[in-house]
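Participant: Go by the hints and put chain L with the ligand onto chain U.
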Amino acid sequence: MTHRPTTEAELSEIIASTETPLRITGGGTRPIGTTSATTGLSTSALSGVTLYEPGALTLVARAGTPLAEIETLLAGEGQRLAFEPMDHRPLLGSTGTPTLGGMVAANVSGPRRISAVGACRDALLGVRFVDGAGRIIANGGRVMKNVTGYDLVKLMAGSFGTLGVLTELSLKVLPAPETSVTLTARDLDDATAIAALSRALGAPWEVTGAAHLPGTGDTHIRLEGSAASMRYRAERLATHLADLGAFNANFDAEDTAALWAAIRDVRAFADTKGALWCLSVKPGDGPGLVASLPDTQALYDWGGGRIWLLDPSGTKGAAIRDAVARIGGHATRLRGADDLPAFPPANPVVARLEQGLKARFDPRGLLNPGLMD
Amino acid sequence: MEMPAPDSTILSRKPEIVARLRDLLPDDAVIWDEAETRAYECDALTAYRCPPLAVVLPASTEEVSAVLAACHDMGVPVVPRGSGTSLAGGALPTADCVILGVARMSAVLDTDYANRVIRVQTGRTNLSVTGAVEEHGFFYAPDPSSQLACAIAGNIAMNSGGAHCLKYGVTTNNLMGVTLVLMDGTVTELGGAHLDAGRLDLLGLICGSEGQLGVVTEAVLRILPSPEGARPVLIGFDSNEVAGACVSDIIRAGVLPVAIEFMDRPCIRATEAFAGAGYPDCEALLIIEVEGSEAEIDEQLARITEIAQTHNPVELREARDADQAARIWLGRKSAFGAMGQINDYMCLDGTIPVSALPQVLKRIGELSRDYGLGVGNVFHAGDGNMHPLILFDANKPGDLEKCEAMGADILRLCVEVGGCLTGEHGVGIEKRDLMDHQYRPDDLEAQMAVKDVFDPHWLLNPAKVFPLAASAPRREARA
Ligand SMILES: Cc1cc2nc3c(=O)[nH]c(=O)nc-3n(C[C@H](O)[C@H](O)[C@H](O)COP(=O)(O)OP(=O)(O)OC[C@H]3O[C@@H](n4cnc5c(N)ncnc54)[C@H](O)[C@@H]3O)c2cc1C
Chain U
1 MTHRPTTEAE LSEIIASTET PLRITGGGTR PIGTTSATTG LSTSALSGVT LYEPGALTLV
61 ARAGTPLAEI ETLLAGEGQR LAFEPMDHRP LLGSTGTPTL GGMVAANVSG PRRISAVGAC
121 RDALLGVRFV DGAGRIIANG GRVMKNVTGY DLVKLMAGSF GTLGVLTELS LKVLPAPETS
181 VTLTARDLDD ATAIAALSRA LGAPWEVTGA AHLPGTGDTH IRLEGSAASM RYRAERLATH
241 LADLGAFNAN FDAEDTAALW AAIRDVRAFA DTKGALWCLS VKPGDGPGLV ASLPDTQALY
301 DWGGGRIWLL DPSGTKGAAI RDAVARIGGH ATRLRGADDL PAFPPANPVV ARLEQGLKAR
361 FDPRGLLNPG LMD
Chain L
1 MEMPAPDSTI LSRKPEIVAR LRDLLPDDAV IWDEAETRAY ECDALTAYRC PPLAVVLPAS
61 TEEVSAVLAA CHDMGVPVVP RGSGTSLAGG ALPTADCVIL GVARMSAVLD TDYANRVIRV
121 QTGRTNLSVT GAVEEHGFFY APDPSSQLAC AIAGNIAMNS GGAHCLKYGV TTNNLMGVTL
181 VLMDGTVTEL GGAHLDAGRL DLLGLICGSE GQLGVVTEAV LRILPSPEGA RPVLIGFDSN
241 EVAGACVSDI IRAGVLPVAI EFMDRPCIRA TEAFAGAGYP DCEALLIIEV EGSEAEIDEQ
301 LARITEIAQT HNPVELREAR DADQAARIWL GRKSAFGAMG QINDYMCLDG TIPVSALPQV
361 LKRIGELSRD YGLGVGNVFH AGDGNMHPLI LFDANKPGDL EKCEAMGADI LRLCVEVGGC
421 LTGEHGVGIE KRDLMDHQYR PDDLEAQMAV KDVFDPHWLL NPAKVFPLAA SAPRREARA
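The listed protein sequences correspond, in order, to chains U and L. Each residue of the first sequence is one higher than the last, beginning at 1 in full-length UniProt numbering. Each residue of the second sequence is one higher than the last, beginning at 1 in full-length UniProt numbering.
Hints listed in this document are in silico derivations from the structure and should not be mistaken for laboratory results. Bear in mind the structure is a predicted one, so any value in this text is a computation, not a measurement. Check the hints yourself; a few may be wrong.
Cross-link-like lysine to any residue pairs, in silico, SDA-like; alpha carbons within 25 Å at most [claimed, not checked]: (1) L:Lys362 x L:Leu391; (2) U:Lys358 x L:Asp442; (3) L:Lys167 x U:Thr72; (4) L:Lys167 x U:Ala261; (5) L:Lys167 x U:Tyr232; (6) L:Lys167 x U:Ala176; (7) L:Lys167 x U:Leu51; (8) L:Lys167 x U:Glu53; (9) L:Lys402 x L:Lys14; (10) U:Lys358 x L:Glu445; (11) U:Lys358 x L:Gly177; (12) L:Lys14 x L:Asp28; (13) L:Lys362 x U:Glu53; (14) L:Lys167 x U:Lys358; (15) L:Lys362 x L:Leu413.
Bound-form chain U, shown alone (with noise of 0.2 Å):
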């Protein structure tokens, strides 16, 4: 059975009112963990924008709105969400529709998220939510700056239903550029790879996506903004990156869009069998790690801070987790070696600190149950 409340008292309601543990989803396209919870509860009906203002910036939805629809419309005011949320359905193989509260409860970031602009939870100004009690809380609000008490909203980005069902977001939307540019360089070991990416990150022009392909052993970097700044970017880091690859320039628009569309939902591994992580470390310490899990393959993203590692003998899931707990970061099983939890173990201070959360926010244990032990 599955809950589709259609308004935030409804939602209030159920939670109050119920003693069984609750499935959350949006569109259920991003299925990463696992829940002993078997009675659903749907946000799909939870749906619309409530207020956007191009002018501002500034876009109010529902968390069940599709997030297709929201970015079409800011497409037609010329905006978009900036830190260019993946789409979790060719990798996981799921279905439905993505939804505004399922990419903000999985705080769900791609390439662009190593340019200034940051993660889906920088550009999340305010949150709605119903707690596993069935209360009613807002936190933050629509304004881009605001300091006005502690910051719930980050803690409800990334925390996956765990302890509270979002009603309602507002987030930063910025003006899309007019055009694009991709460099790349072929046949990069890993190592000169990253050195060339980091190289390309610290030069001062502004680079929005670097990425290096598993196989083929491609170097991407992207840039964005005028034609004439195209131009005059792509040259001087092409020159700058001379003594590490051959970068050469597409200044075609929709190759760059779809070759960053492909990277953002990792096409490469879409088809693919086996355990598929995703890793977030230090971008320099990125090659050695992988070097030292043989028969992985990997896709290194912002800048090799995140890798999309896969393994397809599906049995690596302990040693890529002692390797990436070695060096500092995280590694997220996202399918196969179901043996293992999805999520990285926390140190005993965060373990309790998070308990601690939980209790107060969802003290029935109602809402995900288990889903991030």
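Facilitator: Using the frame of chain U, we list chain L with the ligand on its own:
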């Protein structure tokens, strides 16, 4: 502004408490003499003062941990302090508290240009973080006007912003990790040189928690490559409405400057008299700065001036060289000082939706007339973060109270039009009792529940952020 009465048993145990602290720290790191504790009696909200019971100046995370564990054990409240530049009374002591200052912890621990991060102790000043990396072409983006003095510790606690956050974000968007010491002395790392949390975003929760959840001793900060160049343009208008509309049009057109600063006539006149920057005598002016190569700057400024022209500006002045750029910024940068020459002032910090700008400025003008107090407006217009400066005379009985009442009216107005009480300075004691204007009881309860988890006995900076009545049951449970 009311503060809870100090705990008399703690006051009477002062010798025992000081002795215990002296056991833990070197001699010169514990201050208890009343002549010396007075130096810590206030922060930049100087209307409120109270010397603390004692001050400790630890030099390491270990010492911070030892002090907190001891205070926890003795049931003594602790108020963390960076440089004491808070405008919200965030670092204001109570008579029964120990001030824990991190000023002696100011080292750079690691700079890593390839990975674009720096690790510092949090007593380090904001500007000196950029100072440590600028030779290599990098900078630390959040740039509060107080950056020469304020510490990373306070920046994290207040989630401070600056003129350039329109493009680069505020502290929370540039903070990657911290070493956190909880009130019971437990030490943990949150985040690090990698991006984003793998589990709950506790780092995001710590940033902006006003020293109430733990003491931050070290921080990993994102550093960014410096732009090739930057240049401002000054545009004057004969009405606030038109200036506001121009801001909105620029943003809508897809140009995203690094800064859009706004000054109104009272503020322009005051700064002209003070700094003589050569500003036009007009109703409102914008200072807009863009970044890039020379050609890129020209291109962006051309777009901006083209949009501005459609609003019939009374003045449009592009900087031709570094000297002219400095002159354009001169007035803006001396605005607070200039207002201070006229009288005492209180600096507010509410945020409003940009679209509400004309309406809010008009209403502030009306309030100014009703209260009989002058107001100058200077603020970050791109993100709607207003800084009305209310002028008053501290020596005139009743003037401060009048000024506070007017400030509260303005902040309530900010909330009513869809904004918030504070955009970057924090709640502290200043806006504490207005919190229930922005948040309902359940909203505040959820925030206080977070404090219950991190600091169950409410010993860290306890009388701030939440309306005293709302936090009373928790604070009193401690005794
Ligand atoms: C002239 C002037 C201009 C200003 N301009 C700006 C501006 O442009 N933008 C802006 O955002 N702010 C501005 N401010 C406000 C102020 O500078 C900031 O809030 C700053 O971040 C405070 O830093 P601090 O080190 O002085 O902190 P303090 O004043 O010492 O403390 C501030 C808060 O941080 C807590 N704290 C201190 N150290 C720690 C620690 N180690 N761990 C946990 N909590 C701690 C304190 O308890 C307190 O609540 C300005 C202030 C002045 C006086």
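Participant: Run every hint past the structure and note whether it holds.
Facilitator: Against the structure, the hints:
A hinted pair counts as satisfied when its Cα atoms are at most 25 Å apart, and Lys362 of chain L with Leu391 of chain L qualifies at roughly 17 Å. A distance of roughly 16 Å separates the Cα atoms of Lys358 of chain U and Asp442 of chain L; the hinted pair therefore holds under the 25 Å criterion. Pair hint Lys167 of chain L plus Thr72 of chain U holds up; C-alpha atoms about 24 Å apart against a cutoff of 25 Å. Restraint check for Lys167 of chain L and Ala261 of chain U: satisfied, since their Cα atoms lie roughly 24 Å apart, inside the 25 Å limit.
In summary, the hint linking Lys167 of chain L to Tyr232 of chain U is supported, as the alpha carbons are separated by about 21 Å, within the 25 Å threshold. Of the pairs offered as hints, the one joining Lys167 of chain L and Ala176 of chain U holds, with about 14 Å between alpha carbons and a cut-off of 25 Å not exceeded. Under the criterion of a C-alpha separation no larger than 25 Å, the hint pairing Lys167 of chain L with Leu51 of chain U is consistent with the structure, at around 23 Å. For the given pair, Lys167 of chain L sits about 18 Å from Glu53 of chain U by alpha-carbon distance, which is consistent with the 25 Å threshold.
At most 25 Å may separate the alpha-carbon atoms for a hinted pair to count; Lys402 of chain L and Lys14 of chain L exceed this at roughly 38 Å. A distance of roughly 15 Å separates the Cα atoms of Lys358 of chain U and Glu445 of chain L; the hinted pair therefore holds under the 25 Å criterion. For the suggested pair Lys358 of chain U and Gly177 of chain L, the alpha carbons sit about 22 Å apart, so the restraint of at most 25 Å is met. For the given pair, Lys14 of chain L sits about 18 Å from Asp28 of chain L by alpha-carbon distance, which is consistent with the 25 Å threshold.
Distance restraint check for Lys362 of chain L and Glu53 of chain U: the Cα-Cα separation of roughly 21 Å lies within the 25 Å cut-off, and the hinted pair is therefore satisfied. For a cut-off of 25 Å, the pair hint linking Lys167 of chain L to Lys358 of chain U is broken: about 35 Å separates their Cα positions. Among the hinted pairs, Lys362 of chain L with Leu413 of chain L is consistent with the structure: their alpha-carbon atoms are about 11 Å apart, no more than 25 Å.
In summary, the numbered hints that this structure violates are 9 and 14.
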